[in-house]
Amino acid sequence: MPTDVASLLFALTVSMLTMAVALPSVMGRVNMAARRAQLGIFLQAAGWVLLLISGLVEAGSWTDRTLSTLSMAGIAGGLALNATAFDLWCGRTALARAPTIIAVVLTLGYGIGFSSYAFRVGWANGLLALQMAMVAATLWREPLLPVGRWRWLLVVALMAQMVVTAWRGVLGAFFTDQFPAFLTPHPVNIAFALVANATAVLSLTGILLAHRDEAARALDRLATYDDLTGVLNRRAWLVQSNIELENSVRYDTPLAVLMLDIDYFKRVNDSRGHEAGDRALKFLARALQAAVRSGDIVGRYGGEEFCVLLKQADHAAAKAFDQRMRAYLAEATLRELGHEMTYSAGIAIRTSADDTLEAMLRRADVMLYSAKAQGRSRTLDAQGKPLLQEETA
2 MPTDVASLLF
12 ALTVSMLTMA
22 VALPSVMGRV
32 NMAARRAQLG
42 IFLQAAGWVL
52 LLISGLVEAG
62 SWTDRTLSTL
72 SMAGIAGGLA
82 LNATAFDLWC
92 GRTALARAPT
102 IIAVVLTLGY
112 GIGFSSYAFR
122 VGWANGLLAL
132 QMAMVAATLW
142 REPLLPVGRW
152 RWLLVVALMA
162 QMVVTAWRGV
172 LGAFFTDQFP
182 AFLTPHPVNI
192 AFALVANATA
202 VLSLTGILLA
212 HRDEAARALD
222 RLATYDDLTG
232 VLNRRAWLVQ
242 SNIELENSVR
252 YDTPLAVLML
262 DIDYFKRVND
272 SRGHEAGDRA
282 LKFLARALQA
292 AVRSGDIVGR
302 YGGEEFCVLL
312 KQADHAAAKA
322 FDQRMRAYLA
332 EATLRELGHE
342 MTYSAGIAIR
352 TSADDTLEAM
362 LRRADVMLYS
372 AKAQGRSRTL
382 DAQGKPLLQE
392 ETA
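Numbering (our numbering), first residue to last: 2 to 394.
Hints in this document: simulated from the structure, not taken from any laboratory. Predicted model, so just to flag it, every value in this text is computed and none were measured. All C-beta atoms, glycine included, are put in the ideal place defined by N, C-alpha and C. Worth double-checking, as some hints may not be accurate.
Stated by the list, open to error - Pairwise CB distance ranges (calculated): (1) Ser8 with Gln179: 14 to 24 Å; (2) Ser8 with Asp221: 40 to 50 Å; (3) Thr94 with Gln375: 12 to 22 Å.
Stated by the list, open to error - Distance condition first, Cα-Cα at most 25 Å in a straight line; then the derived DSS-like pairs of lysine-lysine: (4) Lys320 with Lys373; (5) Lys373 with Lys283; (6) Lys267 with Lys283; (7) Lys386 with Lys373; (8) Lys267 with Lys312; (9) Lys283 with Lys312; (10) Lys283 with Lys386; (11) Lys283 with Lys320; (12) Lys373 with Lys267.
Let's have the full structure, built from the sequences with the hints guiding it.
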C-alpha cells in the first residue's frame with residue numbers, strides 16, 4: 002500500500018468525491034440539516050480537487066494563487082456548513098457563526114498572504130485546526146434532542162484532524178526547511194494524510210448515523226402527532242390522557258374532558274375548498290393550545306373533532322376554558338380565516354375512582370351530539386346544560 006503523501010491525498014480526494022456523490026443518493030429526500038451536510042462534503046471535496054490541481058500549475062503563479070485560495074474556501078466553507086448541520090441535528094438553531102467567520106477570514110488571509118509559503122501554511126492549517134476545535138466543542142455540548150453516539154464519533158474524528166492539522170501548521174510556519182512543499186514526505190505530513198483518510202470514513206459514518214437518528218425522530222413524531230395540526234393524534238392523546246387519569250385517581254384531584262367539533266365544517270370545505278378547511282383545523286388547534294394551561298393535553302380525535310384533557314379541573318375550570326375559547330374565536334376567526342367559525346362541545350368530569358377515560362369520552366360525546374341537536378355553537382356540561390345559560394337557569 003503506497004504511503005507517499007501524493008498517493009494518500011489523491012485517495013482522500015477520491016473518497017471525498019465519492020462521499021459527495023453517494024450521500025444524496027443514499028439519503029434520498031432530506032431536510033435542511035442533511036442538505037447542509039451534503040453541501041459541506043461537496044465543498045470539501047471540491048476544495049481538495051482544486052488543491053491537487055494547483056500542484057500541476059506553475060508554483061506561485063496567479064493560477065496557483067487562485068486555485069489554492071478557492072480550495073481553502075471550499076475546505077473551510079464545507080466544514081462550516083457541516084457545523085450548521087450538526088447544530089440542527091442536535092436540536093439547536095443552525096448558527097455556527099464562529100466556524101463561518103473563520104472560513105471567511107482564512108480564505109481572505111490566505112489569498113492576501115499567498116506569496117509567503119510559511120505564512121499561508123501556518124495561517125491555513127492553524128485556522129482550520131481552530132475551526133475543527135470549535136465544531137468539536139459544539140458537538141460536545143449537551144444536545145437539545147436525544148441523539149445517538151454519532152456525535153462522539155465526529156468529536157473523535159475532528160479532534161484527530163485538529164491535532165495533525167495544527168502540527169502541520171506549526172511545522173510549515175516555524176520549521177519551513179523541514180516542510181518546504183505541500184507534498185514533502187515529512188512524517189507529520191504523512192500522519193496528516195493518513196488521519197485525513199481515516200477521519201473521512203468516520204465523518205461519513207457519523208453523518209449517516211445522524212441522518213438515521215433524525216429519520217427515527219420523524220417517524221416517532223408521525224406516530225405521535227397529527228401531521229396537519231401539530232397536536233397529539235388520537236392514539237397518543239389516549240395514552241397520555243390515561244396516565245393523567247391514573248394520577249388524578251391517585252392524588253384525588255378533579256379531571257375534565259372536553260370533546261368538541263367544528264360547526265358546519267363540511268360547508269367550509271364545500272364552499273371554500275379543502276385548503277380553507279385545513280387552515281380552519283390548524284387555527285383551532287393553535288387556539289386550543291394557547292387556551293390550555295400547562296399540563297393540559299390537546300389532541301385531534303379525528304376529522305374536525307378535538308379532545309382536551311383538563312388536569313385538576315372541575316366544572317368551573319372547564320367552563321372558564323370554554324369561555325376563553327369562545328371569546329377568542331368570536332374575536333379572531335373573521336380576521337384570521339375570513340369567515341366565522343364556532344364549535345359544539347360536550348364535557349365530562351371524572352366522577353369516581355372507577356371512572357375510565359373511555360367512559361368519560363362516551364359521556365362527552367353524548368353531550369357533544371346533544372349540543373349539535375340543540376342548534377350547535379354551544380357546550381353542554383355533564384348534566385346536559387348549556388354552559389353559557391346555566392347562571393340564568
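Tested hints:
1. Ser8 with Gln179: 14 to 24 Å: Because 21 Å falls inside the window, the suggested range holds.
2. Ser8 with Asp221: 40 to 50 Å: 45 Å, holds
3. Thr94 with Gln375: 12 to 22 Å: 49 Å, violated
4. Lys320 with Lys373: With Cα atoms ~18 Å apart, lysine 320 and lysine 373 stay inside 25 Å; holds.
5. Lys373 with Lys283: 22 Å, holds
6. Lys267 with Lys283: 16 Å, holds
7. Lys386 with Lys373: 13 Å, holds
8. Lys267 with Lys312: Distance of about 32 Å is beyond 25 Å: violated.
9. Lys283 with Lys312: At roughly 23 Å apart (the allowed maximum being 25 Å), lysine 312 and lysine 283 satisfy the hint.
10. Lys283 with Lys386: 29 Å, violated
11. Lys283 with Lys320: OK: lysine 283 and lysine 320 at ~23 Å, within 25 Å.
12. Lys373 with Lys267: 14 Å, holds
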